[in-house]
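Take a look at the letters that make up each chain.
There are 2 protein chains.
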Amino acid sequence: MIYLSKFPFKTQKTAPKVSDNSSTSILLQAWFIRQTMAWVYTYTTLWLRVLEKIKNIVREEMDNYSCFETLMPALSPRELWDTTGRWDSIDVMFHVPAANNKEYWLNSTHEEIVTPLLQEFIKSYKDLPVCVYQIQNKFRNEKRAKSWLLRWREFVMKDAYSFHYSDEEFINYYEWMKQVYLNVFSRLWLAKDTFIALADWWTFTDKYSHEFQVRLPIWEDVIFYDPVSKIAYNKEVAPSKVAKANITENVILERQDIEAHWVIWVEALAKTLWVPADKSTKTMMFEVDGRFVVASVRWDYEINTLKLQKMLWAKSIRLASEEMVKEKTWSEIGYAWIYNLPEWIELYIDDSVEWLTNFETGTNKTWFHSINVNFGRDLPFPDRFYDFKEAKVGDKNPETGAVYEVFKASEVGNIFPLETKFSSAFWLTYLDQNNKSKTPLMWCYGIGVSRLMWVVAEYFLDEAWIAWPENLSPFTHYVIIMWDENIDKINKISNILNTNSNDIIIDDRNVWFGQKISDAELIWVPNIVIISPKTLEKWWYEIKKRWQKESELVEFSF
Amino acid sequence: MIYLSKFPFKTQKTAPKVSDNSSTSILLQAWFIRQTMAWVYTYTTLWLRVLEKIKNIVREEMDNYSCFETLMPALSPRELWDTTGRWDSIDVMFHVPAANNKEYWLNSTHEEIVTPLLQEFIKSYKDLPVCVYQIQNKFRNEKRAKSWLLRWREFVMKDAYSFHYSDEEFINYYEWMKQVYLNVFSRLWLAKDTFIALADWWTFTDKYSHEFQVRLPIWEDVIFYDPVSKIAYNKEVAPSKVAKANITENVILERQDIEAHWVIWVEALAKTLWVPADKSTKTMMFEVDGRFVVASVRWDYEINTLKLQKMLWAKSIRLASEEMVKEKTWSEIGYAWIYNLPEWIELYIDDSVEWLTNFETGTNKTWFHSINVNFGRDLPFPDRFYDFKEAKVGDKNPETGAVYEVFKASEVGNIFPLETKFSSAFWLTYLDQNNKSKTPLMWCYGIGVSRLMWVVAEYFLDEAWIAWPENLSPFTHYVIIMWDENIDKINKISNILNTNSNDIIIDDRNVWFGQKISDAELIWVPNIVIISPKTLEKWWYEIKKRWQKESELVEFSF
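Chains as they are written, first to last, in the numbering used here: chain A, 1 to 558; chain B, 1001 to 1558.
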């Protein structure tokens, strides 16, 4: 039971303007949070209670599925990260210099800690599958905190790690874990807008990671959802096919090579050469694992280098240098294009270019562009076309032909197939049924607990308040006391209301009734209880449920 | 309800030998903790449950006293610490280099965060007193982790901060807070060995900080407890008087100046010059705020520089350099002593020297020591004697004359009078009843939650296990299932046992009964419930309470 008169609490009359989200304004106005530095907030009791309620939902669902809570350290020694080579390869991590010339990692993830830890336990196939999780503060050395709450420098994560003896055993396990996640989002009232999106996780696998994405108009991730197959993709990996067939002209026109000084960008070309949007191509040159690779899409698409890299199973991909372009294509950057390219060059053409006729490309000759280029005549028809374009609104899923629904969303959970990446690095093995030494498969499962809290706030944002679901509001009952004395009289109020006393806030402040009511509404406590001398005389109290228009009078029952 | 068959859990047959405490061995053996790096442990579910139970006790007591839980960030910007000058002055802190040339402090304490935070709330005397607390991971860049658990690099703290308008108002408040603390230690069954010890906190105050110390033979702090006044002191500040009067000889002997090359240390002097322990003096030269200060104690005492510094209200104190000693005393270090000292030198003599006759001192002449030195004849009787010796076993409290009880203890809580140190640095002010701007007084209150957990373990350490108090054991019921199938039958076991299902562990492992019983005893769960086909047939179960010799048969009641 919290007595508001003793609580450092001062709602603001109006919502302050912040560069963050609109829910942040309300949270500031209603004294859920206070700002400590840019993008870093202190949680007051109100916000902390929402966090604890969400934590407990996550905890209950994980425990029910026999994944066991544990607590690993926040700092870990450099040696563990050198073992997997991640010390230098992940750049958003805090490296903490420490006494005695030691270096610690302020953990953002715990694969390097959990793997050696479980080594003590996993000896036999009988010990598998096994799962541990923790709910903990994690840290990321963000360059900018980007949009307001997406990636903060410190945040609360639930991270779980499971170990398995076979893919089959895992698949079974995974289906259950997916259900655990869906239970969590359903208990947070987010189920109808939660999508499981396929996403990338590591170049050297054809497996996707799974992201749990909550549809929200303001967020960072873009989801391509196929309403036929019911499969959602993160934009970064969405396969795509142009929706509208390209206009194929029956008349094949004569090719023209046009001299146009300093006209390199597609927009300029379109203007100068009168080439329409869907009759031009965009070509980029890459250095892929040291090889020179040329890739081309229709001009109104972008090349998705991640899709291209995965298509080529490449370790590294970067734009080719000016020198390399000149050496390989005998042309200047800006004019190196698919037409006139030496035939031994490794060339990939996206299927967005497939049906183009009389189209434009660079000529591989400084200052020159060609229009009315055609496959078969001016350059050979490729054996096949590929898909490495960045998917766009209007695109289809090549597998089902269905047009994607495209929307913004926030990633609140994910599941990664770690396979044996970490178990091999730490030489974690077990004995199988034939007494042979095997390396267990690992999976990891994250839920961004603090992010989820902000997503809930934004999701339930109404005009003037956040309309919390009843199980997430910081309190169930807001009791307004209408006189100063004899609070003792109602000290057994939690018995009277038949509620956990922790969930009751008592507004005994020396302020006007109107202020009390408007604060109760701003915090959005589902039950507002009013006890006045008048009602108390008859041993009644007044209760107004947040979703009802009228309040009721109820007799006290002891 | 935890099913042990799915739990990564393997007790060890014997307690492993560790350089830590004996309770650590048991905790490792019983799978409460696993080691991640030197002095850093991962908590398994068992240990985490003890931690949560302790946290909840702390939380309930703080909440009851209307101190409000909040959560401040773990990282804070350098600017806040520059404001109070603590960025450079505290050397056990982690300074974290971050993106964009920023520097963060990985917080070990939160005065610099809470003060500006409360600035938004504290406007008028009506807003005071006010208190906020948090339970959070804290960090310290320890050079060595010293004895095993005293100061770890990361640990859980409850830190509270209160703001007040007057000393009187605070004193009232403080008495309550002391009670909150004593309630916590009493609910942890530590009350009878918890002492409130006075300790230092800041040079520029005559106020003590209060430490809550639990008497434990293996710990770091040394407590001087006066059984008459019931006041306890941390060794660092204990006032002291030698217990036995020094032997005063009636015959004043002739002084002798003896040449003794390279005999500087007191032990060597005693041997060479045949001077007994209590007839020699120890003199040290200091540079105190730039001044040259000489201080002397009886040879078997040490000088407590903290007591000396506080006595002199000095900002800094350090040993004087060789050059300074030579310049001021005209003597070499090692021979500069109280006898023959130029009379303008600032000299302080501890009261342990007061009654000495015919004693030994250096002669302030290289190679020379003097014996049979006497006040009044060889050097002037000082106006007064001081107390800056390090207290020893056998010493008395000068105020009451009572001989101290001296014992080792672990500091589990503390209360610091911050006065206006932080509120002035951040220009935090409020309007008093006369509308005048005032600076509020601040106090802070710590409880080392994770340390407390280890203290409890050590305190209740028995021969082969930790005999947890019933409310702290990770579970209340350990249910041993004696057959493989039909676990569903007893799925309502929490109803049957009339207990929160969270507090039940079910041992359904495929291991011998003896193993199950011995694990239940090792973890020390207060109620061991045995369900076998034989008892189940009659709808009975067997329960053995940890403190009873015999088990009972109880009928199931639904």
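In case anyone wonders, no lab produced these hints; they're calculated from the structure.
Errors might be hidden in some of the hints.
Think about it this way: if two alpha-carbon atoms lie no more than 25 Å apart in a straight line, the pair counts; the simulated PhoX-like pairs of lysine-lysine are [to be verified]: (1) B:Lys1438 - A:Lys126; (2) A:Lys10 - B:Lys1438; (3) A:Lys13 - B:Lys1123; (4) B:Lys1235 - B:Lys1192; (5) B:Lys1438 - A:Lys6; (6) A:Lys396 - A:Lys192; (7) A:Lys6 - B:Lys1126.
Verification of the hints:
no. : hint                  : result
1   : B:Lys1438 - A:Lys126  : violated, 68 Å
2   : A:Lys10 - B:Lys1438   : holds, 21 Å
3   : A:Lys13 - B:Lys1123   : holds, 16 Å
4   : B:Lys1235 - B:Lys1192 : holds, 21 Å
5   : B:Lys1438 - A:Lys6    : holds, 21 Å
6   : A:Lys396 - A:Lys192   : holds, 23 Å
7   : A:Lys6 - B:Lys1126    : holds, 10 Å
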